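When you get a sec, could you build the whole thing from the sequences and use the hints?
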Amino acid sequence: MIFMKNNSDKNRKIRNDIILAAAILVIAVAGLLFLNATKESGSYVVVKIDGVEKYSYSITDNVTQEIITGENGEHTNTLVIKDGKASVSTANCPDGICVGHREISFVGETIVCLPHKVVIEVQKETENQSLDAVV
Amino acid sequence: MKNKTKKISFLGIATSVALILAYIEAILPPIWTAVPGIKVGLPNLIIILILYRFGFKEAVIVSGIRLIIVTILFGNAMTLAYSVAGAVLSLLVMGILKKTDKFSTVGVSIVGAVCHNLGQIIVAIFLFDTVQIGYYMIVLAITGTIAGVFIGVGSSLLLRRTENLKI
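Listed in order, the protein sequences are those of chains A and B. For the first sequence, position 89 matches number 89 in my numbering, and the numbering has no gaps at all. For the second sequence, position 60 matches number 60 in my numbering, and the numbering has no gaps at all.
FYI, nobody ran anything at the bench for these hints, they're computed from the structure. Bear in mind that the values here come from a model prediction, so they are computed numbers and not experimental data. One or more of the hints may lead you astray.
Computed spacing ranges between beta-carbons, pair by pair [said to hold, decoys possible]:
#, chain 1, residue 1, chain 2, residue 2, range
1, B, Thr71, A, Glu40, 39 to 45 Å
2, B, Pro29, A, Arg12, 35 to 41 Å
3, A, Asn62, B, Gly134, 27 to 33 Å
4, A, Gln65, B, Lys7, 55 to 61 Å
Backbone N, C-alpha and C fix where the C-beta goes; we use that ideal spot for every residue, glycine too.
The following block contains the structure:
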């Protein structure tokens with residue numbers, strides 16, 4: 001009898017586990033579908049260093065820009081914009097995640113270099129321009 | 001008294017095993033470089049073991065000491081912010097979920113993994129002042145769930161094997 005109770009208790013927990021995992025996955029997939037449905041090509045590539053906007057380029061430009069950060073300028077990431085897509089070609093950060101990141105071109109896509117506090121983001125329009133529009 | 005000594009030594013050993021697991025995970029090549037932060041979360045095996053064998057307080061102690069040691073050995077202020085946010089949110093939610101007694105270690109560990117990612121993403125959003133980083137959370141929720149299943153099954157095996165261990 002005790003065994004039976006334990007067993008049904010276990011089954012109930014496993015059922016709850018599956019519901020939980022399914023719920024998380026459904027929400028995630030819904031999020032992915034939503035992002036895919038609403039994604040649009042960006043017009044600008046903005047480089048933020050430590051949260052502050054430093055460079056801004058049109059995505060149609062051909063740009064090779066060395067982004068220098070760090071107290072003594074010892075950190076570098078090379079931003080390349082070509083054929084309407086932005087990527088990082090070289091960097092001297094320890095993990096190299098930004099270099100391995102695929103090219104970005106849609107609004108809201110980012111390449112992040114955590115060690116250098118650099119964020120490269122595709123935007124619809126630059127923040128300055130949207131301010132101008134208000135003024 | 002004797003039990004207390006045993007318990008302290010067991011928690012000490014558990015802390016060092018969690019440290020080693022974190023180190024092993026750190027030297028493994030990244031699973032998918034396009035999204036940073038994807039990992040199995042091996043130290044969570046130990047945290048769940050402690051959570052179930054001893055309780056929430058002990059799990060917090062082991063996790064906290066592990067974080068302090070990792071930061072002294074390998075980290076800096078920034079990695080500490082990420083680790084603390086991940087660990088606090090993950091432990092808190094795992095503790096609550098375990099208390100409801102409605103989920104097995106698999107459910108607890110899934111939520112732990114996803115909340116760990118969530119905590120770190122929240123810190124990243126604040127540090128970088130860029131909400132778009134939150135998009136990573138979608139992918140991390142999926143990989144976190146998969147990792148959570150493995151860790152949950154693993155820790156349930158670990159719990160069963162250490163059942164007869166008198167501490």
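Each hint tested on the structure:
| no. | hint | verdict |
| --- | --- | --- |
| 1 | Thr71(B) / Glu40(A): 39 to 45 Å | holds (41 Å) |
| 2 | Pro29(B) / Arg12(A): 35 to 41 Å | holds (39 Å) |
| 3 | Asn62(A) / Gly134(B): 27 to 33 Å | holds (31 Å) |
| 4 | Gln65(A) / Lys7(B): 55 to 61 Å | holds (58 Å) |
When each numbered hint is compared with the structure, no violation occurs for any of them.
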